[in-house]
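S.K.: Next come the chains, spelled out residue by residue.
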Amino acid sequence: MLRVDHLNKSFGRFMVIHDVSFSVEENEVVALLGPNGAGKTTMVNLISGHLRPDAGQILLGDRDITGAPAHVRIALGIARNFQITQLFEELTVLDNVRNCIFSVEGRSGRFFKPAGFYEQSTSEAMEILKTFHLDPFAGELAQGLSEGDKKILDTAMAFALKAKFLLLDEPTSGVATSDKFKVMDTIITAIQERGTATLIIEHDMDIVAEYTHRVMVLAEGHILADGASAEVMADKQVKETLFGVSD
Amino acid sequence: MVLIYTLNGLYFSAFLFLTSLGLSIILGVMGILNLAHGSLYAIGGFVGAYLIGMMAQSPMPVTLIVAVLGAVTASGAVGFVLETTLIKHMYRRALEYQLLITFGILMLIEDSIKLVFGGESRYASAPFDAMGSIDIMGHTYSTYFLFVMAAALFAGLLIWWVMAKTRLGIMLRAIEMDREMAQAMGIPMRSLTIAAFVMGSAFAGLAGVLVVPTTPAVMGMGMDPLIMAFIVVVIGGLGSLRGALLGSIIVGLTRSFTVTYFAELEMPLLFLIAVVILIIRPEGLFGQK
Amino acid sequence: MMKYLFTPRAATYGVALLVLLFLPQFLSPYHLMLMESGLSLAIMALGLNLLLRYTGVLSFGHGAYFAAGAYAVGLLHMYLPDQFTFENAILAAILVSAAVSALFGFVCVRHTRIFFSILTLALAMLLFAVLEKAYHYTGGSDGIRVPIPTFFGYEFEGMRRFQFLIGPYYYVVVGIFAAATVTMLAVVNSPFGKALQGTRDNELRAEMIGIRVKRYRWYAFVISGTFSGLSGGVWSFVNGHITPEISNWVFSGEIVYMVLLGGFMIFEGPIIGALLFTYLRLYAVAMTEYWMLIIGATLIFLVLALPGGVTGGLYSLFSRLKPKRVS
Numbered sequence: 001m002l003r004v005d006h007l008n009k010s011f012g013r014f015m016v017i018h019d020v021s022f023s024v025e026e027n028e029v030v031a032l033l034g035p036n037g038a039g040k041t042t043m044v045n046l047i048s049g050h051l052r053p054d055a056g057q058i059l060l061g062d063r064d065i066t067g068a069p070a071h072v073r074i075a076l077g078i079a080r081n082f083q084i085t086q087l088f089e090e091l092t093v094l095d096n097v098r099n100c101i102f103s104v105e106g107r108s109g110r111f112f113k114p115a116g117f118y119e120q121s122t123s124e125a126m127e128i129l130k131t132f133h134l135d136p137f138a139g140e141l142a143q144g145l146s147e148g149d150k151k152i153l154d155t156a157m158a159f160a161l162k163a164k165f166l167l168l169d170e171p172t173s174g175v176a177t178s179d180k181f182k183v184m185d186t187i188i189t190a191i192q193e194r195g196t197a198t199l200i201i202e203h204d205m206d207i208v209a210e211y212t213h214r215v216m217v218l219a220e221g222h223i224l225a226d227g228a229s230a231e232v233m234a235d236k237q238v239k240e241t242l243f244g245v246s247d
Numbered sequence: 248m249v250l251i252y253t254l255n256g257l258y259f260s261a262f263l264f265l266t267s268l269g270l271s272i273i274l275g276v277m278g279i280l281n282l283a284h285g286s287l288y289a290i291g292g293f294v295g296a297y298l299i300g301m302m303a304q305s306p307m308p309v310t311l312i313v314a315v316l317g318a319v320t321a322s323g324a325v326g327f328v329l330e331t332t333l334i335k336h337m338y339r340r341a342l343e344y345q346l347l348i349t350f351g352i353l354m355l356i357e358d359s360i361k362l363v364f365g366g367e368s369r370y371a372s373a374p375f376d377a378m379g380s381i382d383i384m385g386h387t388y389s390t391y392f393l394f395v396m397a398a399a400l401f402a403g404l405l406i407w408w409v410m411a412k413t414r415l416g417i418m419l420r421a422i423e424m425d426r427e428m429a430q431a432m433g434i435p436m437r438s439l440t441i442a443a444f445v446m447g448s449a450f451a452g453l454a455g456v457l458v459v460p461t462t463p464a465v466m467g468m469g470m471d472p473l474i475m476a477f478i479v480v481v482i483g484g485l486g487s488l489r490g491a492l493l494g495s496i497i498v499g500l501t502r503s504f505t506v507t508y509f510a511e512l513e514m515p516l517l518f519l520i521a522v523v524i525l526i527i528r529p530e531g532l533f534g535q536k
Numbered sequence: 537m538m539k540y541l542f543t544p545r546a547a548t549y550g551v552a553l554l555v556l557l558f559l560p561q562f563l564s565p566y567h568l569m570l571m572e573s574g575l576s577l578a579i580m581a582l583g584l585n586l587l588l589r590y591t592g593v594l595s596f597g598h599g600a601y602f603a604a605g606a607y608a609v610g611l612l613h614m615y616l617p618d619q620f621t622f623e624n625a626i627l628a629a630i631l632v633s634a635a636v637s638a639l640f641g642f643v644c645v646r647h648t649r650i651f652f653s654i655l656t657l658a659l660a661m662l663l664f665a666v667l668e669k670a671y672h673y674t675g676g677s678d679g680i681r682v683p684i685p686t687f688f689g690y691e692f693e694g695m696r697r698f699q700f701l702i703g704p705y706y707y708v709v710v711g712i713f714a715a716a717t718v719t720m721l722a723v724v725n726s727p728f729g730k731a732l733q734g735t736r737d738n739e740l741r742a743e744m745i746g747i748r749v750k751r752y753r754w755y756a757f758v759i760s761g762t763f764s765g766l767s768g769g770v771w772s773f774v775n776g777h778i779t780p781e782i783s784n785w786v787f788s789g790e791i792v793y794m795v796l797l798g799g800f801m802i803f804e805g806p807i808i809g810a811l812l813f814t815y816l817r818l819y820a821v822a823m824t825e826y827w828m829l830i831i832g833a834t835l836i837f838l839v840l841a842l843p844g845g846v847t848g849g850l851y852s853l854f855s856r857l858k859p860k861r862v863s
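Which chain is which? The protein sequence lines are A, B and C, in order.
The first sequence begins at 1 in our numbering and counts up by one.
The second sequence begins at 248 in our numbering and counts up by one.
The third sequence begins at 537 in our numbering and counts up by one.
Careful: at least some of the hints might be erroneous.
One-sided excerpt, in silico: chain B residues whose CB lies under 10 Å from chain C [as the list claims (entries may be wrong)]: (1) L280; (2) L347; (3) I352; (4) V481.
Here are a few chain A residues that face chain C, going by a calculated C-beta distance under 8 Å [as the list claims (entries may be wrong)]: (5) A70; (6) I74; (7) E89; (8) E90; (9) L91; (10) D95; (11) C100; (12) R107; (13) F111; (14) P114; (15) M157; (16) L161.
These aren't lab readings, by the way, just hints derived from the structure by calculation.
Note that the Cβ used here is the ideal one computed from N, Cα and C, for glycine as well.
Produce the entire structure from the sequences given, and follow the hints as far as they go.
M.R.: Here it is in structure tokens:
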């Protein structure tokens, strides 16, 4: 579904992404691991269109989207959440999600009928809220949510974009430990229902082990390992890179 | 003739330079677009005109010096009062509030000038007449114009020296570059912010007093300079001394040449230039993105 | 649809409309004309607030679009007197102001908020300069006289201007005002309106869900400008005379002021502000010639102490008095 070929990105003289290639298929949930500063967030920004690569190609399905601006990529089916939650603070929780639905349906430009009159879109938004257990807060302003709930809303919004490829940047950071699994359950169930190709950046190894099929490890801009979760996580070199552990 | 037009253009540029310099300093260091900047120009103009009128009997150099000092002090002082009472509340507020409050100040000062000086125009042509004219390549040119250009040049050099060579200037530039960092480094933010605002206001006042010997001080005299200064800052780029200089020269010369041939097209043409530059290079000629 | 008709807001609107319709029974002719002035300005205030509250940008030059509308009417009368009917005049006002705001807006929305605000001011002053200087075409600073036109073929024969204004025209103004208010309400609550508010709250996120931020701002600008033009058109008949002053920074500042005075946080705030302002100005000008001092000082006071304006102040007062609900 999404393929990245020989991607390079430098900031000044500092090469952050070095000849990176991988692909993520439909129904795959792949984790991207790596120590801080390895280039994970840069990778996300390159895929979402925030940054342009210096060399290499990015393909969504058959389409070359390397040069496409962010809004085109979104229209083509790439969605992401944000590490630092980015919400529409002064709109209601329902509006936050519904805006995404309107956008994807091409209805954002309609300026005559009140949003509430669009029953299908509204009920779709409510469905998503229910999936993520946010429906009790539907009428509340987004800024009133707890930090953990805000994170969930951020992810729900990305999900509402009905993407073909979903980018999740630490979707459970900031969520209470007791809730982490519950949140991931919700997210993964929703993803699996749709079969969306998903790339998750995650630090929590338990989450990775439990929910992902495949793991990629990024270190200093290179892909160090790419394979089934259990194998990769047992690899010595990977463990050293990630945890600084040497047996 | 071209020489005369060029000189006229540079003369106008001198004023633009002084006003836009003030606006740019305030905008660069404080991040505030002071809509009342033109009012400070007007204060300089009215105070200057008043003093020139009062000192009609004294010898010219004295009159001029007193007028300039008086005007600059007046606008600097008003700037000081404004910053310490009103503007300081606006740093943490949304941008809209900053614009609104400076707009309110604009209206307040406008009527205050009316209150203090009466609503009538004030003439102060004494210095202009006293300086007479000199002969340039067969044309008679008023010496006063040359004096103004010299004054602006001097002001520009002074600012350059302050910014580049003094501790004050270095600290101001630090704030301009990275506010948080400057704060973390222990730079006295409050005093410097006030200093920047006072400096900017004083420059506006200087421009105001220098203009009244040639054009009377009238109500609303600050509006056009404000917009022109803004156009200069836009063309030249935010926070750039070179930009302000170059922008002023471009605008000044353009105005001079179009006024002669197409008097009505003056403002529209300037806007057109600004718009074109903004489309091609939104951060101006010398600004940083 | 029905559920929207039985809300407190709808009820309040209904009552307000009834009150407006019955005002001619209670008010003196002079006050009635003031109301007309206030209601027409309220339309522009709503337009400005679309940008301020719902898009998050502040325009200091909205007088330009008001002037565009008013001059469309005036110039129609001057150059096409045979076509000078009310319908044509209002249509002209809407079209011309839409065009001008599309043009000016295109230039302005490309920039960050600081530049946006002062560009709007600069463009308004530009229009002011053009209107003044083009004496032969626009009457310059003398302005243009605007007489009473025919309405859908009906000429108010024999009625003196004044009688017309306090008679039939009042209802015309109320009608247009009501239509404009409902339209703006629909826009603000529409998917577009919600998307716009999204761009206000978080430009980054809006882009990332596929909303073209600058383009939407431009659309909002055009809608806002058109409302101002409609306002100018309606107002030009009340005033009977238009001058370039309405594109000047003073008037644009007064528009901003009235929105702030009424309170820009709630939808109806600008309407209240426009009405209050009209009366305030009347009394202030009667008492002193330093009208700008008063606006300036009260504006500063509003910004520092009461940013929510009159409605905001009332709202916080009211919520403090209401007993706290236990959830």
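S.K.: Holds or violated: is there a CB of chain C closer than 8 Å to the CB of L91 (chain A)?
M.R.: 6 Å, holds
S.K.: Tell me if L347 (chain B) is really an interface residue toward chain C, meaning its C-beta lies closer than 10 Å to one of theirs.
M.R.: Status holds, d = 5 Å.
S.K.: Regarding the hint that E89 (chain A) lies at the interface with chain C, is the smallest CB-CB distance below 8 Å?
M.R.: 5 Å, holds
S.K.: Given E90 (chain A) as an interface hint, is its Cβ closer than 8 Å to any Cβ of chain C?
M.R.: 5 Å, holds
S.K.: Does the nearest C-beta of chain C fall within a distance shorter than 10 Å of the C-beta of L280 (chain B)?
M.R.: 5 Å, holds
S.K.: Hint check: is the beta carbon of D95 (chain A) less than 8 Å from a beta carbon of chain C?
M.R.: Holds. Min distance 5 Å.
S.K.: Let me know if the C-beta of A70 (chain A) comes in closer than 8 Å to any C-beta of chain C, holds or violated.
M.R.: Because about 6 Å separates A70 (chain A) from the closest Cβ in chain C, which is inside the 8 Å limit, the hint holds.
S.K.: Hint check: is the beta carbon of L161 (chain A) less than 8 Å from a beta carbon of chain C?
M.R.: OK, holds: L161 (chain A) within 8 Å of chain C, min 6 Å.
S.K.: Regarding the hint that I352 (chain B) lies at the interface with chain C, is the smallest CB-CB distance below 10 Å?
M.R.: 7 Å, holds
S.K.: Against chain C, run the beta carbon of C100 (chain A) and see if the smallest gap drops under 8 Å.
M.R.: With Cβ-Cβ at 5 Å, under 8 Å, it holds.
S.K.: Holds or violated: F111 (chain A) as interface residue toward chain C, Cβ cutoff 8 Å?
M.R.: Since chain C brings a Cβ to about 4 Å from F111 (chain A), closer than 8 Å, the hint holds.
S.K.: Would the stated hint for P114 (chain A) survive a check requiring a Cβ distance to chain C of less than 8 Å?
M.R.: 4 Å, holds
Violated hints are absent here; each numbered hint is respected by the structure.
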